[in-house]
Amino acid sequence: KKAKEILIEEFSPKRIIVFGTFVKGNLHNFSNLDIIVEGLGDDYLKAGERLIDMLGEDIDLKSFEALDEDFKKGN
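The opening residue of the sequence shown carries number 12 in our numbering; numbering runs sequentially from there.
One thing to keep in mind: the hints can contain errors.
For each label pair, taking beta carbons as the anchor points, the in silico distance ranges come out as [stated by the list, open to error]:
| # | residue 1 | residue 2 | range |
| --- | --- | --- | --- |
| 1 | 33 | 82 | 30 to 36 angstroms |
| 2 | 39 | 81 | 24 to 30 angstroms |
| 3 | 40 | 19 | 14 to 20 angstroms |
| 4 | 85 | 63 | 17 to 23 angstroms |
| 5 | 79 | 52 | 27 to 33 angstroms |
| 6 | 85 | 15 | 20 to 26 angstroms |
| 7 | 16 | 56 | 25 to 31 angstroms |
| 8 | 35 | 13 | 15 to 21 angstroms |
Honestly, the hints are just simulated from the structure, not real lab data. Since the model is a prediction, treat every value here as computed from it, not as a measurement. C-beta atoms are modelled at their ideal positions from N, C-alpha and C, and glycine is treated no differently.
All chains should be built: construct the whole structure from the sequences, respecting the hints.
Structure, rendered in structure tokens:
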């Protein structure tokens with residue numbers, strides 16, 4: 012929830028998708044926070060750094076625009 016708030020307040024992405032072990036509740040020692048964002052453009056790397064600085068967690072931030080077309084379609 013905190014990660015989404017930071018992204019929305021500071022970067023105004025078009026869409027945020029959180030997935031993986033945090034969403035499923037299957038946390039373990041090697042869990043990270045998996046997030047896909049759409050519409051950040053040049054702020055993509057800055058957003059990832061900001062999340063890590065603020066949350067101090069292992070975060071895997073992916074740009075929706077950089078994803079494989081099949082993944083975007085859900086295939």
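Inset, instruction - Sort out which numbered hints this structure fails and list those numbers smallest first. - result: Structure breaks hints 1, 3, 4, 5, 7.
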